[in-house]
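Chemist: Please build the complete structure, drawing on both the sequences and the hints.
Protein chains in written order, with my numbering: chain A, 1 to 472; chain B, 1 to 506.
Since the hints were derived computationally from the structure, they do not count as laboratory data.
Don't take each hint at face value.
[As the list claims (entries may be wrong)] The list that follows gives simulated cross-link-like pairs (lysine-lysine, DSSO-like), each with its CA atoms no further than 30 Å apart: (1) LYS295/B / LYS103/B; (2) LYS195/B / LYS472/B; (3) LYS364/A / LYS105/B; (4) LYS159/B / LYS358/A; (5) LYS103/B / LYS364/A; (6) LYS368/A / LYS103/B; (7) LYS159/B / LYS364/A; (8) LYS358/A / LYS368/A.
[Unchecked claim] If you only want the chain B side, here are some residues facing chain A, beta carbon under 8 Å, derived: (9) ILE132; (10) LEU170; (11) ALA173.
[What the hints assert, rightly or not] Here are the simulated distance ranges between beta carbons: (12) GLN194/A / TRP66/B: 32 to 42 Å; (13) PRO24/B / GLU361/A: 26 to 36 Å; (14) PRO371/A / VAL43/B: 29 to 39 Å.
Note that this is a predicted model, so its numbers are computed, not measured.
Note that the Cβ used here is the ideal one computed from N, Cα and C, for glycine as well.
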Amino acid sequence: MTNDLMLLMPLIIVGAGAILLMLTAAYKQLTIDITAYGSAIIFAIAFLVQLSSCISGNAVLFSEAFNGILVVSNFSKAAGLIILACGFFTTLSSQTYFKQNNFCTPEYYSLTVFAALGMLLLTMAQELISVFIALEIMSLAIYILVGYDRKNVISTEAVLKYLMLGAFAGAFFTMGSAFIYGATASTKFVNISQFIASHGFVHSPAIIGGSFFILVAFLFKAAAFPFHAWVVDVYEGASAPITGYMATALKTAIFAVFANFLVLDDSLQAGWIKYLFYISIFTMFVGNLIAIGQQSLKRMLAASGIVHTGYLLIALVAVSSKAFTGSVIAFYLAAYAAGTLGIFAALSYLGGAGEKRKTFEDFKGLAKVRPYSAAAISIFLLSMAGIPPTAGFMGKFYIITSAIDAGHIALAVLGIVSSIISMWYYLRLIINMYFYEAEEQFNDAVPSQLAPICTFILVICVFAISLYPIAI
Amino acid sequence: MFEHVLSVIIFLPILAGILLLVIPASRTIARVSGLIISLATLVLSIDLYTNFSATGHLEFVEFIPWIQSLGISYHLGIDGISLFILMAGSVLLPMVYLVFTTKEKGYYANLLIVQGAMAGAVCAADMILFYIFWEVMLLPVFFMLGLYGGPKRLPATLKITLYTIAGSLLMLAAIVYLGVSYHAQFNEWSFAIDKMAQLNLTGRIAALAFFGFMIAFAIKIPLFPFHTWLPDAYTEAPTATTFVLSAIMAKIGVYGVIRFVVPVFDEQFARFAILLAYSGVIGMMYCGIAAIAQKDFKRMLAFSSASHMGIIALGVFCMNVQALTGTIYQIVAHATSTGVLFLFAGILEDRTNTRTIEDLGGIASKAPVFAMFFAITMLASVGLPGTSGFIGEFMIILGAIKFNTTIGVLAGTSLIIGVCYMLWMFQRVFFEKSNAATENFKDLSLIEGLTFLPVIILIIVMGIYPQPFLSKITPTTALQFAQNSPVVAKTVTTNALLPELTIEQK
Chain A
1 MTNDLMLLMP
11 LIIVGAGAIL
21 LMLTAAYKQL
31 TIDITAYGSA
41 IIFAIAFLVQ
51 LSSCISGNAV
61 LFSEAFNGIL
71 VVSNFSKAAG
81 LIILACGFFT
91 TLSSQTYFKQ
101 NNFCTPEYYS
111 LTVFAALGML
121 LLTMAQELIS
131 VFIALEIMSL
141 AIYILVGYDR
151 KNVISTEAVL
161 KYLMLGAFAG
171 AFFTMGSAFI
181 YGATASTKFV
191 NISQFIASHG
201 FVHSPAIIGG
211 SFFILVAFLF
221 KAAAFPFHAW
231 VVDVYEGASA
241 PITGYMATAL
251 KTAIFAVFAN
261 FLVLDDSLQA
271 GWIKYLFYIS
281 IFTMFVGNLI
291 AIGQQSLKRM
301 LAASGIVHTG
311 YLLIALVAVS
321 SKAFTGSVIA
331 FYLAAYAAGT
341 LGIFAALSYL
351 GGAGEKRKTF
361 EDFKGLAKVR
371 PYSAAAISIF
381 LLSMAGIPPT
391 AGFMGKFYII
401 TSAIDAGHIA
411 LAVLGIVSSI
421 ISMWYYLRLI
431 INMYFYEAEE
441 QFNDAVPSQL
451 APICTFILVI
461 CVFAISLYPI
471 AI
Chain B
1 MFEHVLSVII
11 FLPILAGILL
21 LVIPASRTIA
31 RVSGLIISLA
41 TLVLSIDLYT
51 NFSATGHLEF
61 VEFIPWIQSL
71 GISYHLGIDG
81 ISLFILMAGS
91 VLLPMVYLVF
101 TTKEKGYYAN
111 LLIVQGAMAG
121 AVCAADMILF
131 YIFWEVMLLP
141 VFFMLGLYGG
151 PKRLPATLKI
161 TLYTIAGSLL
171 MLAAIVYLGV
181 SYHAQFNEWS
191 FAIDKMAQLN
201 LTGRIAALAF
211 FGFMIAFAIK
221 IPLFPFHTWL
231 PDAYTEAPTA
241 TTFVLSAIMA
251 KIGVYGVIRF
261 VVPVFDEQFA
271 RFAILLAYSG
281 VIGMMYCGIA
291 AIAQKDFKRM
301 LAFSSASHMG
311 IIALGVFCMN
321 VQALTGTIYQ
331 IVAHATSTGV
341 LFLFAGILED
351 RTNTRTIEDL
361 GGIASKAPVF
371 AMFFAITMLA
381 SVGLPGTSGF
391 IGEFMIILGA
401 IKFNTTIGVL
411 AGTSLIIGVC
421 YMLWMFQRVF
431 FEKSNAATEN
441 FKDLSLIEGL
451 TFLPVIILII
461 VMGIYPQPFL
471 SKITPTTALQ
481 FAQNSPVVAK
491 TVTTNALLPE
501 LTIEQK
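Modeler: Printed below as a string of structure tokens:
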């Protein structure tokens, strides 16, 4: 019991912290800055607790807490670490961001922490109803955060789109859960898996329909083809730190629960794998096609987020229940998170008031004005493109290895073709920053040093993660 | 001298380069520290060379496990093949800092990084490590070309970058395929290069993996028809980058073929050797003829370099010990001749502000030392007996005739093209009447002269007395064929016109 509580400690800290922040935000004495530091401290403590439970490793794999509704595994711990780190860097870069943009209130940080609570819960959930609850805790907080700038038309449009479609996805999920419960008389992944193993996947249409609905919900949240259309607009409308948060932490949580769902129900996975195969190919190439045409950096990053979802789906396809290569997914997520968060942390202070600097043209000549920021952005882009010795390369290498090892050579080759295409739009920004002269002047006074520090730490992370050997 | 000498040769320049990029140093500090670091590397390399005992196997091995679950390790070592590419880099690169004294800080810093990365690529004994250095090699070239290149640098930069990255990503898939096959066949994960030779690869996917490697290396060499990036990149790049690309980086492509393709994909290689050999010969002729037509002397040298790379690559595809030894020898000879010609071209361009051959003339009377150095290097490049170029080309042609007479004869005759364009260019640039552009041409200064002198001496020594060099190369090349006798037999039976000539008497 105490062991279970210890494993749950990060969740408890984040939850209590979020409520505390929300309550104290009513006091006038609590400035935005103090809330920012407070939420950063909450994330830091939770991260350290999670790290200590990772290092001590006293938790046995799949040791149970709360009667099997929540299961803590090494995979969920790793995903939790990534989410907490993302939260930490997001709050710090938000602090800098809101020195230049003034639509912030203390509740902003409380919502960030609430979203993290939902995400942490998602990584551990092994039961459909708690997955739904966690999904909604996370999504509701994110909806508000996306539309935080209420006077901005683009931001309002983004939240409306995201809310409507997200609500549909949530409805699909509950519908799917109901179908599956109807067929198997349980909502626990383990029981569903046992039922399908003994009765077969095509035994009842309710299981097929139910799992289809659930997959739709997951694919929507993960921004996979054909449910990717919202991504570009929503990412553009949200503020830079929140876009980074959505692109990294949210994706981590969704892929964690997605993997858990597929892996435990191995026959479920077998039933859907050929569809996931095509979905991953389409996701990569559609994402690339969208990204090539973009003029705004945030929209390009959003589209490249779709491409990375495609790579992660490759790993999901390659995952077999015998040798669960969750570490591959976790590694890729960490590598991707470091690169993406880094870029958004840099955008938080480079964007200026109202995010004026946003198109590729605006980044021309940045290397002359801010050489260190330009170098950092280049490193993040190279990591996302998968050029060694960055973390992105190792992540891609593991994914290709797991795909070929599972016999999906075509998938691996298509993944590589897709990353050749993606070189174009990553290189384009580097070329603009380094090889052109600035066309427009921007006020480049940095209001606060926190976001630059985050960027610097993340540069180190990009290299450090690549050196960390994973166990398969 | 001490343990981990290879690591120092690799990481000393890389770390120094990164440090220079990060700190706000002046260009003089950058140049002097670059010179010191590359001279230090040279000293270490010479020490390595003298202690190299030519056993044929990897020496100076460093082994640190890295990702144990996949059998990936930090594994370095050199043998007779990699030693000479490493030496070529260490000997030639310090010259840049002495000859080109007024460049930006980033120019010197990137040069240091590329030097370390190239050393890493030739020393790596693990495929993943090799791949990492192989990619890192490209980044400094990208920045040097884009930042300090000529007026049409941007398309050239994009072309070389996308081309090379496309090739190397395909190679990554092939590398992973090898690792997975090793796991499947031996039930153990490994990415060590020397273990891959035990693999038994057949079928269509193995052929695809073979082409994955081959295309990546063919782009880097560049082999016909993957050479289209070369004229633009070589012409627009700043002198040091062209020098690095032509003198060393192209050789790493050849090295890759020797290291990965020949031992691992024996069956596929045997099947396609004749195709590859013809593509080498066609490249030689095509680029040679293109070189005759060029009006820009840097572009002419670019085509000439590509033409010579054709014959170097041909030496690998001939599958006998003479041709392979000749290839390694020619790698050094090409680096010291064609590579150095690019440096001379850079000097010419700096002093006359033009690259057009027609604008020049009469330099020999204004700058006799420069003209003499240029002449010796040029003659080595066309393979005049008595220079280093002759030995290598002779051995390759010998091997080519043994392999397939048609190819040997074609390769031998297309060497004449090289003489045509080189001598014609020399005549128009150095003789004839001087004009406004060359009126005040300054001869090499004492420092410049002394910088080039060792290379000139090396060209002549290697041309007259090749034995000490060959004795370091031969054990490794002989071992290559001792291990892979089936590959030789297969290649010979499929391709050779006179098989009895090719089978070695033991």
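Chemist: Evaluate each hint against the coordinates.
Modeler: Consistency of the hints with the structure:
1. LYS295/B / LYS103/B: The given pair, whose Cα atoms are some 27 Å apart, holds under the 30 Å limit.
2. LYS195/B / LYS472/B: This hinted pair holds, its Cα atoms lying about 23 Å apart.
3. LYS364/A / LYS105/B: Cα-Cα ~21 Å, so holds.
4. LYS159/B / LYS358/A: 27 Å, holds
5. LYS103/B / LYS364/A: 23 Å, holds
6. LYS368/A / LYS103/B: It holds: about 17 Å lies between the C-alpha atoms, which stays within 30 Å.
7. LYS159/B / LYS364/A: With Cα atoms ~20 Å apart, LYS159/B and LYS364/A stay inside 30 Å; holds.
8. LYS358/A / LYS368/A: 18 Å, holds
9. ILE132: 4 Å, holds
10. LEU170: 7 Å, holds
11. ALA173: 5 Å, holds
12. GLN194/A / TRP66/B: 32 to 42 Å: At roughly 40 Å between Cβ atoms, TRP66/B and GLN194/A fall inside 32 to 42 Å, so the hint holds.
13. PRO24/B / GLU361/A: 26 to 36 Å: 28 Å, holds
14. PRO371/A / VAL43/B: 29 to 39 Å: Holds: the Cβ-Cβ distance is about 33 Å, inside 29 to 39 Å.
Against the hints set out earlier in the document, no violation occurs for any number.
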